[in-house]
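Each protein sequence line maps, in turn, to chains F and R.
Per my numbering, residue 1 is the first one in the first sequence, and the count goes up by one each step.
Per my numbering, residue 1001 is the first one in the second sequence, and the count goes up by one each step.
For the record, the hints were derived by calculation from the structure and aren't laboratory data.
Only a predicted model underlies this, so the values are computations on that prediction, with no experimental measurement involved.
Distance condition first, Cα-Cα at most 30 Å in a straight line; then the derived DSS-like pairs of lysine-lysine:
1. 1003(R) <-> 25(F)
2. 1297(R) <-> 1322(R)
3. 1347(R) <-> 71(F)
4. 71(F) <-> 1003(R)
5. 71(F) <-> 91(F)
6. 1003(R) <-> 167(F)
7. 180(F) <-> 33(F)
8. 71(F) <-> 1274(R)
9. 91(F) <-> 1274(R)
10. 1003(R) <-> 173(F)
11. 1003(R) <-> 33(F)
12. 1297(R) <-> 1274(R)
13. 71(F) <-> 4(F)
14. 25(F) <-> 4(F)
15. 1274(R) <-> 4(F)
16. 1041(R) <-> 167(F)
17. 25(F) <-> 1041(R)
18. 4(F) <-> 33(F)
19. 1041(R) <-> 33(F)
20. 1003(R) <-> 1041(R)
21. 1347(R) <-> 91(F)
22. 1224(R) <-> 1234(R)
23. 91(F) <-> 180(F)
24. 91(F) <-> 1271(R)
25. 1003(R) <-> 4(F)
26. 1271(R) <-> 71(F)
27. 1271(R) <-> 4(F)
28. 71(F) <-> 1300(R)
29. 1289(R) <-> 1126(R)
Just the calculated beta-carbon pair ranges, DEER-fashion:
30. 1272(R) <-> 4(F): 21 to 29 Å
31. 105(F) <-> 1054(R): 47 to 55 Å
32. 1272(R) <-> 180(F): 43 to 51 Å
33. 1054(R) <-> 106(F): 48 to 56 Å
Just so it is clear, CB atoms sit at the ideal spot from N, CA and C, and this is done for glycine as well.
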Amino acid sequence: MNGKSIYTSVIMAGFGGQGLMFIGKLLAYSAMKRGLHVTWIPSYGPEMRGGTANCTVVVSSEPIGSPVIQKPESLIVMNNPSLEAFEPRLKAGGLLFLNADLVTRPATRTDINVIALPANDEAVRVGEHRAANMVVFGAYVARGGILSRDDVAAGLSGLFGEKAASKLEVNMKAFDAGVKYAQAAPARA
Amino acid sequence: MEKLFMTGNEAIAEAAVRAGCRYYFGYPITPQNEIPEYMVKRLPEVGGVFLQAESEIASIFMVYGAAGSGARVMTSSASPGISLKQEGISYIAAAELPCVIVNMMRGGPGLGGIQPSQSDYFQATKGGGHGDYHLFVLAPATVQEAADLCLEAFDIADRYRNPVMILGDGVLGQMMEPVSFQDRRPAADLPEKTWALTGTKGRAANVVKTLNLDPSVLEKHNLKLQEKYKRMAKEEVRVECYQVDDAEIVIAAYGTVARIAKTAIQALREKGIKAGLVRPITLYPFPYKTFADIAPKVRKILTVEMSLGQMVEDVRLAVGDKTEVCFFGRCGGIVPGYEEIVVEVEKLTAKVAR
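Bound-form chain F, shown alone (with noise of 0.2 Å):
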C-alpha cells in the first residue's frame, strides 16, 4: 500500500443466482490480497430462495468498525426489486451500476452517478451468459479505483480454485467488457 486512506463500502443486490455474493466475495478476498481489511456481509435466509439477494462489503486500509451500511458509496442492482429497495439507501454522490437488461425502470434520484449496462447482452456476446455479474464487477472496479485488474485476475483463481481454472477467461473478458463500459459512460444517466 501507497499509505493513502482508503474506505469504500459497496451493496450488491440481485436475485438469488445471479452472482452478487460472489462478485462480494471477489471483492472482498482480492481486496484482503491487497493487504486491506475487508468485510463481507450477505443477507440470509427465506429472501434468498428466489426472492432477492445482497451482500455489504466494506473494504479499508484501516480496522473495519461496523460491517453494516446504511448508505452505502456505491450500489449495484440487478433487478427491479433491488433497485426499489436500495436506491433511497445510496449516499448522495454515489455511484450506482445498473444492470439495465433486467433493471427496466431508471433511477430516479438526481443526486447520484449513474452507471447503467446492458450487462447480460455483453455477457453473452463474451460467451458466458452466466457472466453478466462479472460484467458489472468490471464496471465496479473501473470506477472504484482499488482494484487493478491483475487483482480481480488473481482473486478469481484464488476463489475459482485450481477446478475452475478454465472458467478464468471468460470471466475476465467479461469482466473487460465491463471495464469498457464504465469508461466510455458519461458519468451521469
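Fit chain R to the given chain F structure using the hints.
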C-alpha cells in the same frame, strides 16, 4: 501468517479443530449452520466424530458424555436451540465438565426470527438452566477474535472444569473477514483430567453425576462452584477500552454492536464529541471494575445492545450512582446503524450542555 477468508462460523469451527476438539454434536438451526457444515467435512480428516443428533437435547447430553470421558467437545446452536439445551448445560456445569458451547444469537423470544440479536445475554450470563451455576462467556466482535477466543475457550474450559459459551450473533456467524490461525497448543499448565471416565484399570472408578440427595453435601458442592466463579472473576476478566482516556461519554457494548459503536465514535469525534467505548470480551466474568473505575471520569455511559436492555443491568450494577447509565437498543433482528448511535449520543450530550 497466511490470511484466510472465512465466515465467523467457519473460523470458530476451524479454531475448535485446531484446539484439539475431536467431537461435535449438534442439530441444525440458522444462523449457525456453517459450523456443523464445516465440522462434518473437517472432523473426519483428523479422526474426529461429527454427529447430527435427533434433537438439541440429545446433542447436549452427547456433549456431557464426551466431556465426561475427558475429550475436547463442542456443540453449537442459535437462541431457540440453546434454550432446548439448557437442561444439559445445567448438568454439565453441575458435573464440572469442560466443553465449548456456541450460541449465534437470533431474535426472540419464542421461535422468533433468524436475524441477528443479543437478547440471550441474561440466559448466557445468569444461568438459563436451573441451579446456582455460571458459564464462562466470551463475546468476540470480529472473525479473527472469534477464532482466537475459540482456541482459548477449550483451555479455559479445562482449567476451570467449566462449560464455556462463545456468544455471537447472526452478523458474526455469517460475516466473512480475513483470519489467520495461530499455531497454538493447549496450555502446558492445564490440570490433568484425573476425574475423567477412561476405564477403571488400575484405579478406583471415577463417578460423574449430578444427583446429590444430601443437602449438606450439595450445599458444599455449590459453595465449591462459587469459589471457582470467584477465581474466574479474579483471573480471567477481559475487556477492551477504546478511546476512553479523554472521553466524556462512554458507550458500553459487546460483540457486533461494539464494532458498530467504534464507527459511531469516529463520527462523533469528527464532530468534536469525545466518545469512547468499553467492550466486555468476557461477559461472565463481567468487567465490573473497569466500569466502576471509569464511571466517575465520564458524564454518561450509554449502553447499546441488540436487545431491550440486558447487559445494561450489569453496567448499572458496576457503576451505581457514580454516573448516569442510559440505554439504546434495537431488537427482533434489527441491527442498529452507527448513525443511530451517533444520534443517541448527541441527544445525551445536548442534555449535558443544558
